[in-house]
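Visitor: What follows is the residue order along each chain.
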Amino acid sequence: MCSAHAAVRTLVGEMVEQDDRPTVIDMEAGLEHLSRGTVRNVDYILTVIEPYFKSMETGARMNKLAKELGIAHVYCVANKVRGVEDEKAIQDFCKNRDMDLFGMIPHDESLWEAERLGIAPLDHDKTSAAVTAIAKVSENLLAANGN
Amino acid sequence: MKIAIAGKGGSGKTTIAGTLARMLALQTARQLVAIDGDSNPNLALTLGLPRSKHKALKPMPRSVVERVTTEDGKTRLQLAKSPHEIISQYGIDTPDGVNLLLMAAVDHAGAG
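As you go down the protein sequences, you meet chains C and Z in turn.
So for the first sequence, the working numbering puts the first residue at 1; every next one is plus one.
So for the second sequence, the working numbering puts the first residue at 1001; every next one is plus one.
Source of the hints: derived by calculation from the structure; they are not laboratory data.
Computed from a prediction, not measured in an experiment: that's the story for all the values here.
For glycine and all other residues, C-beta sits at the position ideal for the given N, C-alpha and C.
Hints are not guaranteed to be accurate.
[As the list claims (entries may be wrong)] Cβ-Cβ distance ranges computed for the label pairs, FRET-style:
hint, chain 1, residue 1, chain 2, residue 2, range
1, C, E115, Z, D1093, 18 to 26 Å
2, Z, V1068, C, F53, 41 to 49 Å
3, C, E139, Z, D1093, 23 to 31 Å
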């Protein structure tokens, strides 16, 4: 195994195990950290999928790897969802592939504005549809975790 | 509670990770650790760290992980310091009680 990845795996793994603060890890895009087990110590994996086939297919692969790592709670979160057709595509895919859908975040112009301005979505408009949906994901995670 | 956010590039992974981290910190009124595991890190922006402070972002050096020899002569990696020390030394305070750690340098160091 590449030593750099081993170092990251040790670091993430031990930080997660030895520190009791809640932790959110933004993983590198793609399957590598999952296939190398960098995040084997986490309680939750949330895989972000978009309502198009290649993205959902990637999400399904990621969730499969996460389950193989033995992670207790493996979910997906749909992002950039525009309307009922997207919602249905996501729901159907998740149902067919036995993926647990944890939340849907709507496509939201205010996120694009925030990106364009180079500021955080939460600081740009904390009442936007997308930020509200992410707040809901957070509440649901806390409820699922017994907080 | 330890949560990892995965996804394809461009899926909005970082936007969700950063906003979710802040929401969890706000809703629990607790300190939270956010780890940017990307070799091209930009979680800081979503966490609300002003751009003027991005130049001062200090990635963790490789030396936070050390190789030790165990009794049976094998080697393994372990943290050179406690997570508490690592966070207080390399963690970056961002709004709402989130502490950011950057993995990028740790990853790059062994690559050459």
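Visitor: Let me make sure I understand: some of the numbered hints might not hold for this structure. Which ones are they, in numerical order?
Guide: No numbers; nothing is violated.
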